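Starting from the given sequences, assemble the full structure and let the hints guide the process.
Chains as they are written, first to last, in our numbering: chain P, 422 to 730; chain F, 2 to 181.
Don't read these hints as lab results, they were simulated from the structure. Among these hints, one or two may not hold up.
[Claimed, not checked] Cβ-Cβ distance ranges computed for the label pairs, FRET-style:
id, chain 1, residue 1, chain 2, residue 2, range
1, F, E168, P, S702, 35 to 43 Å
2, P, I728, F, R152, 34 to 42 Å
3, F, I145, P, I728, 26 to 34 Å
4, P, S701, F, N171, 50 to 58 Å
5, P, N517, F, S118, 33 to 41 Å
[As the list claims (entries may be wrong)] Just a few of them, taken from the derived set where beta-carbon distance is under 8 Å, the chain F residues facing chain P:
id, residue
6, F72
7, Y73
8, F77
9, R78
10, P83
11, A86
12, S88
13, T89
14, S118
15, D122
16, F123
17, G124
[As the list claims (entries may be wrong)] Dumping the calculated BS3-like pairs for lysine-lysine here, alpha-carbon to alpha-carbon at most 27 Å:
id, chain 1, residue 1, chain 2, residue 2
18, P, K632, P, K679
19, F, K64, P, K461
20, P, K423, F, K163
21, P, K452, F, K64
22, F, K161, P, K423
23, F, K64, P, K460
This one's a predicted model, so the numbers in the text were calculated from it and none came from an experiment. Built from N, CA and C at the ideal position, the CB exists for glycine as well.
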Amino acid sequence: MKQLSVDHLLGIKYLTKNDIDLIFDTADHFKEVINRPIKKVPSLRDITIANLFFENSTRTKLSFELAEKRLSADVINFSASQSSVKKGETLIDTVNNILSMKVDIVVMRHPNVGAGVFLSKHVDAKIINAGDGTHEHPTQALLDSYSIRERLGSVKGKKIVIVGDVLHSRVALSNIFALQLQGAEVKVCGPTTLIPKYISSLGVGVETNLKKALEWCDVANVLRVQHERMDVKYFPSTREYTQLFGINQQILDSLDKKVIIMHPGPINRGVEITSDVADSSNSIILNQVENGVAVRMAVIYLLAQQIKR
Amino acid sequence: MSSKVLLNSKEIEIILHRLACQLIENHNDFSNTVLIGLQPRGIYLANRLKDLLTNEYHIKDLKLGLLDITFYRDDFRRRDAPLDANSTEIDFLIEDKNVVLIDDVLFSGRSIRAGLSAINDFGRPNLVELLVLIDRRFSRHLPIQPNYKGRQVDAINQEKVKVCWKETHNKDVVYIEDNI
Numbered sequence: 422m423k424q425l426s427v428d429h430l431l432g433i434k435y436l437t438k439n440d441i442d443l444i445f446d447t448a449d450h451f452k453e454v455i456n457r458p459i460k461k462v463p464s465l466r467d468i469t470i471a472n473l474f475f476e477n478s479t480r481t482k483l484s485f486e487l488a489e490k491r492l493s494a495d496v497i498n499f500s501a502s503q504s505s506v507k508k509g510e511t512l513i514d515t516v517n518n519i520l521s522m523k524v525d526i527v528v529m530r531h532p533n534v535g536a537g538v539f540l541s542k543h544v545d546a547k548i549i550n551a552g553d554g555t556h557e558h559p560t561q562a563l564l565d566s567y568s569i570r571e572r573l574g575s576v577k578g579k580k581i582v583i584v585g586d587v588l589h590s591r592v593a594l595s596n597i598f599a600l601q602l603q604g605a606e607v608k609v610c611g612p613t614t615l616i617p618k619y620i621s622s623l624g625v626g627v628e629t630n631l632k633k634a635l636e637w638c639d640v641a642n643v644l645r646v647q648h649e650r651m652d653v654k655y656f657p658s659t660r661e662y663t664q665l666f667g668i669n670q671q672i673l674d675s676l677d678k679k680v681i682i683m684h685p686g687p688i689n690r691g692v693e694i695t696s697d698v699a700d701s702s703n704s705i706i707l708n709q710v711e712n713g714v715a716v717r718m719a720v721i722y723l724l725a726q727q728i729k730r
Numbered sequence: 002m003s004s005k006v007l008l009n010s011k012e013i014e015i016i017l018h019r020l021a022c023q024l025i026e027n028h029n030d031f032s033n034t035v036l037i038g039l040q041p042r043g044i045y046l047a048n049r050l051k052d053l054l055t056n057e058y059h060i061k062d063l064k065l066g067l068l069d070i071t072f073y074r075d076d077f078r079r080r081d082a083p084l085d086a087n088s089t090e091i092d093f094l095i096e097d098k099n100v101v102l103i104d105d106v107l108f109s110g111r112s113i114r115a116g117l118s119a120i121n122d123f124g125r126p127n128l129v130e131l132l133v134l135i136d137r138r139f140s141r142h143l144p145i146q147p148n149y150k151g152r153q154v155d156a157i158n159q160e161k162v163k164v165c166w167k168e169t170h171n172k173d174v175v176y177i178e179d180n181i
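Shown next, in the form of structure tokens:
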């Protein structure tokens with residue numbers, strides 16, 4: 422009988438290898454559930470979950486909501502754009518007001534780094550971080566690793582390159598933590614302006630030549646250029662970025678092996694990745710989306726298990 | 002803690018044959034019947050019965066599924082130890098089928114209640130029956146009774162019925178253990 426070593430899912434850096442294994446083993450069962458004629462189990466029928474999205478999200482929000490509903494939890498949704506946050510309410514006040522409606526688990530996305538950690542110290546509910554600023558996005562990293570494990574058998578010993586805007590990416594940081602914890606080798610590849618200075622201290626290699634990076638790796642996780650987080654110009658033009666760091670079929674054909682292509686979405690087709698690559702048999706982008714529901718069901722189920730009656 | 006043998010391997014063998022014959026009596030050639038073993042412990046009995054029906058009684062194309070009920074249990078968050086899930090392997094549709102649920106020991110009936118809920122997620126069965134090796138009568142929390150039973154026992158609540166199979170314990174034997 423196993424359970425998670427943590428009380429909240431705030432980031433991958435708080436998890437152990439055993440936690441990740443437990444989440445994946447549980448996700449295997451939920452993956453079977455979501456492929457049944459009736460894709461639902463009654464486990465969490467007495468649990469209420471609030472999805473608080475203080476920042477835009479499409480697939481993460483849908484994925485969480487679907488995971489919650491497939492576990493039979495009651496779900497309430499909240500978007501900052503339609504809320505009293507605009508009227509000057511503080512985060513703790515907003516959340517405490519929601520919790521007084523007897524909510525057990527809070528799934529939160531917030532533009533500020535550490536918002537989840539802050540909240541976990543001040544409110545009495547299980548917190549799941551669905552992305553905090555440029556810091557962590559733990560469920561994305563879990564579903565990425567889960568998808569690698571599904572396609573390649575295991576994550577251990579595999580070589581993964583993260584290509585693109587690493588500086589502004591919470592997906593990159595959570596992925597680095599998760600992959601290293603499972604014994605994978607990680608490199609990042611992108612324009613030097615979009616590679617954070619501290620990256621080498623995490624034991625991550627830096628490669629600025631895309632072809633060399635692809636020759637080295639088993640899996641390429643391609644990130645979107647996050648224009649909305651850029652206050653200054655980090656590269657001369659999108660066209661130049663695409664020429665140097667865009668993944669197309671031509672560059673993949675020039676390699677003497679197959680590289681698995683991943684992307685956390687949303688894709689800017691023709692910028693960081695071309696359509697033929699995104700839709701090819703090497704791409705597991707849609708598997709990632711399906712696995713996202715199973716992995717989030719596992720995380721929610723395992724945390725709900727700790728809630729005392 | 003003391004324990005005594007409730008069924009030895011010879012008795013289990015005879016009971017398995019009787020249960021197989023009773024199933025044939027009601028389900029003929031099993032053309033519209035499927036067997037479902039409940040995880041984790043019902044699967045050994047289910048596998049044995051399938052082998053027996055296939056090899057000794059020449060039933061062809063007998064379908065056996067394994068059903069995990071962890072996510073349907075009514076004691077989620079009510080026990081100290083977390084629940085461990087097992088795999089569900091049902092690669093056929095249950096819609097309009099006659100289903101025989103198989104478990105080793107029927108005690109409170111709560112696992113069977115969970116099994117009945119779980120089965121419905123694979124379609125609407127025509128009929129559901131219950132087969133158990135040991136029926137601990139007088140211990141029920143729910144109005145659930147077996148259609149086929151190996152042996153009925155009047156164990157008191159502190160006592161534990163332990164079923165061992167060749168596959169897990171190297172021999173077939175059923176003990177009744179006194180926990181006092």
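Hint by hint, which ones does this structure get wrong, listed from lowest number up? none
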